[in-house]
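S.K.: Here is how the chains run, residue by residue.
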Amino acid sequence: MKAFKVALMACVAGAGMARAEDVTLQLKWVTQAQFAGYYVALDQGFYDEEGLTVTIKPGGPDIAPEQVIAGGGADVIVDWMAAALAARERGLPLVNIAQPFKSGGLQLTCLKDTGIGSPEDFPGHTLGVWFYGNEYPFYAWMAKLGVPTEGGSDGVTVLKQAFNVDPLLQRQADCISVMTYNEYGQVLDAGITPEELVTFNYLQEGVGMMEDGLYVLEDRLSDPAFKETMVKFVRASMKGWKWAEANPDEAAAVIVDYDETGAQTLEHQQYMMSEVAKLTAGSNGALDPADYEETVATLLSAVSPENPAITKEPEGMAWTHDITDAALN
Amino acid sequence: MSVFGLALLFWLAAWAVNAALARSRWRDASGVRVVVPVLFGAAILGLWEGAVRGFGVSPVILPAPSSVAARFAGETGLLWEDFLQTVLKGALSGYAIGCGAAFLVAVLIDRSRFLTRGLLPVGNFVAALPIVGIAPILVSWFGFDWQSKAAVVVVMVFFPVLVNTVQGLAEASAMQKDLMRTYAASYLQTLLKLRLPAAMPFVFNGLKIATTLALIGAIVAEYFGSPTRGMGFRISTGVGRLDIELVWAEIAVAALTGSAVFGLVSLVERWVTFWHPSQRS
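Those protein sequence lines, which keep their order, are chains B and S.
Sequential numbering of the first sequence, starting at 0, is according to numbering that gives the first Met the number 0.
Sequential numbering of the second sequence, starting at 0, is according to numbering that gives the first Met the number 0.
These are computed hints drawn from the structure, not numbers from a lab.
Treat the hints loosely; a few may be bogus.
As the list claims (entries may be wrong) - Label-pair restraints from in silico Cβ distances:
#1 Ala69(S) - Gly154(B): 50 to 56 Å
#2 Leu327(B) - Glu80(S): 28 to 34 Å
#3 Phe261(S) - Glu314(B): 32 to 38 Å
Unchecked claim - Taking lysine to any residue pairs in the SDA-like style, the calculated list, with each CA pair at most 20 Å apart, reads:
#4 Lys88(S) - Glu149(B)
#5 Lys88(S) - Ala100(S)
#6 Lys88(S) - Lys238(B)
#7 Lys238(B) - Gln171(B)
#8 Lys207(S) - Gln166(S)
#9 Lys241(B) - Ala280(B)
#10 Lys88(S) - Lys241(B)
#11 Lys88(S) - Gln166(S)
#12 Lys207(S) - Asn123(S)
Heads up, the beta-carbon is just placed ideally off N, CA and C, and yes, glycines get one too.
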């Protein structure tokens, strides 16, 4: 049955966007519980009930979802708001149609014995940062603290961290970027106790930015048929998210089932699902405009050559409630 | 669409001019030999520019060469910083260490028949190691800065140069070696006056292969952790930021560097192995 489904998905991918009710979703990262809602909706037949044939394309370190949607490889993408707004300013008008993640899981985790207790202690230390569009919150934070990022005794040295926690374990960096639902767990798995760590959450530091949301291209929203499809897609996806929140262990099993690389373990996905559920808990799918304003304000508070996300207020329709209003009634 | 038509016309015209030049009696004049490839390159760029403008291709997918050139001119400071980090620190030091060590090792193991014969399969094995496999390991051994990039380059260039040098040292024929023996030449004299010169065409083959490998290694190694500068850093993060013009500008730097270094090694080769049939024309 599984093989049949995979074959079917491959067929659909090959046929492209021939039928109106086909939807291709490009994820921001690899198949994992971060995207549980979409995989659950697929597995539990929520998309089928809406008459949708959904193809989920996993991402990875070398895949920029904005580029995939620009090239016509997807109808809708999962993206972070800072990256989507940056794409809008560079001439790719992405629109937020739904925001399943109410809060963010991005954190900076430091080893206590490096002498870091609060953000004031950062100068003189080496910090690991993710790039690929994930660096915007970090540079906004450093600008807010007034800490230069060029090294030196009064500044911090920035490392481009790969997507693992080795730099902290090997003490090449004093702090590293982690997601609550993934790398933080890996640090703990490596034998470091929470007591040995100091963790700063970007949201609590006042530089939070909206994480996983659903984005489409603006011009396609003028097509009523596409809008209708997106309404169905968002409705089914949110149903999937709420199912995943209520049944984290089953959702984790679904993820492991759909992971074609075989790299994910059930145990880690269960951990991830329980953490992700905390982030999606406050959202019914509709974007809170106040959250949007906060993200924009944070980005604009820290415009610099290192942080070229956006240089002015986003122009045009950066988000819409049209889809979620229709989907959630 | 008309912009693309214009570009198409320019391309066809350039083609016609090149064809005419190649058939004319000035075909071997030095001026013509420069003009033909330049015109060819200009035609390709014109076609690219016209296609991007004519079809309204999003700059996120493919920027026009003119906007890449503008970005290149506006970011020379940044590009130079990346060039220093990746080419001069990472690639060049790795190239020098790797090629130097390979050459010395080749001369040393050449005295042992056992090592010489056993080396080729091992060399091929190591040369087949994927860079994406060794780069993360070397980054965690040597840290994030250019030292780990140089280490990746050393691993990549060592065996091509070693294998080529070993093969080159076997190049002198038995007759030639016998002649040296009748002169009562010592091992060192035979090595310096006969075997090393005879090996040079092979050595330079290895060195030329190593130039491109060094550049690739230094750039790709930066994908697996780096400080916030360097060509590989800029390319990988530029894609994530949709700063595609800057990515193309870095690619242009890499292409120019690669061609220049390859040309330089070829020039030295012509000077060193002037006696070889391939250099006489």
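S.K.: Each of the hints needs a verdict: does it hold here or not?
M.R.: Status of the hints after comparison with the structure:
For the pair Ala69(S) and Gly154(B), the beta carbons lie near 31 Å from each other, so the given range of 50 to 56 Å is not met. A beta carbon spacing of about 50 Å between Leu327(B) and Glu80(S) contradicts the range 28 to 34 Å that was offered as a hint. Between Phe261(S) and Glu314(B) the Cβ separation comes to about 46 Å, which falls outside the hinted range of 32 to 38 Å. Distance check on the hinted pair: Lys88(S) and Glu149(B) sit about 19 Å apart at the alpha-carbon level, within 20 Å; holds.
Only pairs whose Cα atoms come within 20 Å are accepted, and Lys88(S) paired with Ala100(S) is accepted, the gap being roughly 18 Å. Between Lys88(S) and Lys238(B) the alpha-carbon distance is near 54 Å, which puts this suggested pair outside the 20 Å criterion. With a C-alpha separation of about 43 Å, the suggested pair Lys238(B) and Gln171(B) falls outside the 20 Å cut-off, and the hint is violated. About 16 Å separates the Cα atoms of Lys207(S) and Gln166(S), which keeps this hinted pair within 20 Å; it holds.
Between Lys241(B) and Ala280(B) the alpha-carbon distance is near 8 Å, which keeps this suggested pair within the 20 Å criterion. The straight-line distance between the Cα atoms of Lys88(S) and Lys241(B) is roughly 52 Å, outside the 20 Å bound, and the hint therefore fails. The straight-line distance between the Cα atoms of Lys88(S) and Gln166(S) is roughly 30 Å, outside the 20 Å bound, and the hint therefore fails. Simply put, Lys207(S) and Asn123(S) have alpha-carbon atoms about 17 Å apart, close enough for the 20 Å limit, and the pair holds.
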